[in-house]
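With chain A fixed as given, assemble chain B onto it according to the hints.
Residue numbers (my numbering), protein chains in the order written: chain A, 1 to 359; chain B, 1001 to 1093.
Just so you know, these hints were derived from the structure itself, not from any lab. Misleading hints may appear alongside valid ones.
[Stated by the list, open to error] Listing some non-contacts, in silico: residues in chain B with all C-beta distances to chain A over 10 Å:
| id | residue |
| --- | --- |
| 1 | M1001 |
| 2 | N1002 |
| 3 | H1003 |
| 4 | I1005 |
| 5 | Q1006 |
| 6 | M1007 |
| 7 | I1027 |
[To be verified] Derived Cβ-Cβ restraints for the label pairs, each shown as a range:
| id | chain 1 | residue 1 | chain 2 | residue 2 | range |
| --- | --- | --- | --- | --- | --- |
| 8 | A | A288 | B | R1084 | 51 to 57 Å |
| 9 | A | T176 | B | V1023 | 57 to 63 Å |
| 10 | A | T321 | B | L1067 | 29 to 35 Å |
| 11 | B | R1021 | A | E128 | 32 to 38 Å |
| 12 | A | T176 | B | K1044 | 34 to 40 Å |
| 13 | A | G276 | B | T1066 | 18 to 24 Å |
| 14 | B | R1021 | A | E285 | 51 to 57 Å |
| 15 | B | V1023 | A | S337 | 55 to 61 Å |
| 16 | A | V232 | B | L1067 | 33 to 39 Å |
Even for Gly, the Cβ is constructed at its ideal location relative to N, Cα and C.
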Amino acid sequence: MALMEYKCPNCGGPLNFDPGAQDMVCPYCDSVVDLKTLQAMDSLLEEEAQIESEDWSYSGADWQADETNAMAVYTCNSCGGEIIGEESLGATSCPFCGNRVVIASKFSGSLRPDLVLPFKLNKDEAKEALKRHYAGKKLLPKVFRDRNHLDEIKGVYVPFWLFDAEADVKADYDATQVKRWSDSHYHYTRTSHYHVHRAGQIGFDQVPVDGSQAIDDTLMESLEPFDLKEAVDFQTAYLAGYFANKYDQDAETCYPRADERIQRSASQAFRNTVKGYQSVTPKREDIALTDNKIKYALLPVYLLSTSWEGESYLFAMNGQTGKFVGDLPMDKKAYWSWFFKIFGIASVLLVALSQLLVR
Amino acid sequence: MNHLIQMTHVAIQASPDVNQRLVAALIALAIALLIALIGVSNMKSKLKSVRKEQTANQYIREGSMTLQSQRDLFLHSHTEKRPRADKTKQSAN
Chain A
1 MALMEYKCPN CGGPLNFDPG AQDMVCPYCD SVVDLKTLQA MDSLLEEEAQ IESEDWSYSG
61 ADWQADETNA MAVYTCNSCG GEIIGEESLG ATSCPFCGNR VVIASKFSGS LRPDLVLPFK
121 LNKDEAKEAL KRHYAGKKLL PKVFRDRNHL DEIKGVYVPF WLFDAEADVK ADYDATQVKR
181 WSDSHYHYTR TSHYHVHRAG QIGFDQVPVD GSQAIDDTLM ESLEPFDLKE AVDFQTAYLA
241 GYFANKYDQD AETCYPRADE RIQRSASQAF RNTVKGYQSV TPKREDIALT DNKIKYALLP
301 VYLLSTSWEG ESYLFAMNGQ TGKFVGDLPM DKKAYWSWFF KIFGIASVLL VALSQLLVR
Chain B
1001 MNHLIQMTHV AIQASPDVNQ RLVAALIALA IALLIALIGV SNMKSKLKSV RKEQTANQYI
1061 REGSMTLQSQ RDLFLHSHTE KRPRADKTKQ SAN
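Bound conformation, chain A alone (with noise of 0.2 Å):
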């Protein structure tokens, strides 16, 4: 069966990953179940490599053939209800006993992610964080604070791919230097102008792009820096309690985005090496990409789906660093009430500087 249950070995009940822990905690006993005790579990996870696709069910003939396309149907081991959802679905929750599941095949063969890193912030200060996100700004309308309703939380994995690379740059500039002088009869204006070459090497890391299609790309860049040196090597139980998609960007649709970031920042970085110029024009930048690796990773990342006047608000949490992001609506007329006080104290103070100064 493609689907892996964690049970407490004390008590039957479902053991979930805890980020204070670090480790698998059965919420009814508090039993603590070792992550390399469970490490045998995934081997599971070649054996369902071989397996052929024969597992899938689809749920009556109704669905048009491009709908179950992107849809899969699973069976809940321990209550025998249905579990719908994407293709692309890795963990859930059974909508029926709230079991929690991991579809392994999700993340067998080739599939499998080369790392994870773990979630190290739980839900409740992931709501904390939330009011704290509320808090101090002045244009927030004040019954969008007090009547916004939490409609969701969820701890997600999403699958990101971490692309390493060498950038090769070439680089010319113009350049120009000013020199002012001054005599009893004329001001002068010297302007030196110079051709800057640089050429060289710079390293690029685990630049990470979102590699599902469902969840926002800029809503993922905004929740960064994952610091990646604490990712650890795959294991199924850490998707325990938490949902998790695998990709449905492949890394060749993800690799332009990442490429866009490291020209841009490669060119700057060489830019800044040209120094002692009152000014520096680019006319030529050539920047190759060599020695390309590529990972496959789940990031931790809450998210809080809220709604307020018929609108839906969708704010992100990282859940390593506990880095909050999400637009908030702007209260117009606490805008202009803002900009009246400000416009009326200043110009009081002003008024009443300027008419000192000219005395």
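Structure of chain B alone, referenced to chain A:
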């Protein structure tokens, strides 16, 4: 209205001091407007936190940058001169 404009015009012409004060007050109001705009723009920007990362600076491998070639070649220069304003006034007098 025309009478008011005439009176203002006479007042300004009669007293250069009033003219200066008015200009100073207008400049002060313009600066106050700028301060207010900057203030509310700053408050508004705090509502937006979802931004694309433009670069990968955080992922540069420490110590990996090597300059294999650097050349700064002088091409040419030109010099402009303009007469000093105080010398020009003295010549005119």
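Against chain A, does B:M1007 hold up as non-interface, every C-beta pair farther apart than 10 Å? The claim holds: B:M1007 sits with its nearest Cβ about 21 Å from chain A, beyond 10 Å.
Decide, holds or violated, for the assertion that all CB atoms of chain A are farther than 10 Å from the CB of B:I1005. Its Cβ never comes within 10 Å of chain A, the nearest being 23 Å, so this holds.
Range hint 55 to 61 Å: satisfied by the CB atoms of B:V1023 and A:S337? Between B:V1023 and A:S337, where Cβ atoms are some 30 Å apart, the hint is violated.
Taking the beta carbons of B:R1021 and A:E285, is their distance inside 51 to 57 Å? For B:R1021 and A:E285 the Cβ distance comes to about 55 Å; the hint holds.
Falls inside 34 to 40 Å, the C-beta gap from A:T176 to B:K1044? holds, 38 Å
A range of 29 to 35 Å was offered for this pair. Does it hold for the Cβ distance of A:T321 and B:L1067? holds, 33 Å
Whether B:I1027 stays farther than 10 Å from all C-beta atoms of chain A, as the label says: violated, 7 Å
Closest CB-CB distance from B:M1001 to chain A, is it above 10 Å? holds, 25 Å
Report holds if the minimum CB distance from B:Q1006 to chain A is greater than 10 Å, and violated otherwise. Nearest chain A Cβ is 25 Å from B:Q1006, so the label holds.
Is B:H1003 truly not at the interface, in the sense that its beta carbon sits beyond 10 Å from all beta carbons of chain A? B:H1003 clear of chain A: closest Cβ-Cβ about 26 Å, beyond 10 Å.
Over 10 Å from every CB of chain A: does B:N1002 meet that, or does the non-interface label fail? Non-interface label on B:N1002 holds, nearest chain A Cβ at 28 Å vs cutoff 10 Å.
Hint says 51 to 57 Å; check whether the CB-CB distance for A:A288 and B:R1084 agrees. Roughly 53 Å apart at Cβ, these two residues keep to the hinted range, so it holds.
Checked against the numbered hints above, the structure violates hints 7, 9, 11 and 15; every other hint is satisfied.
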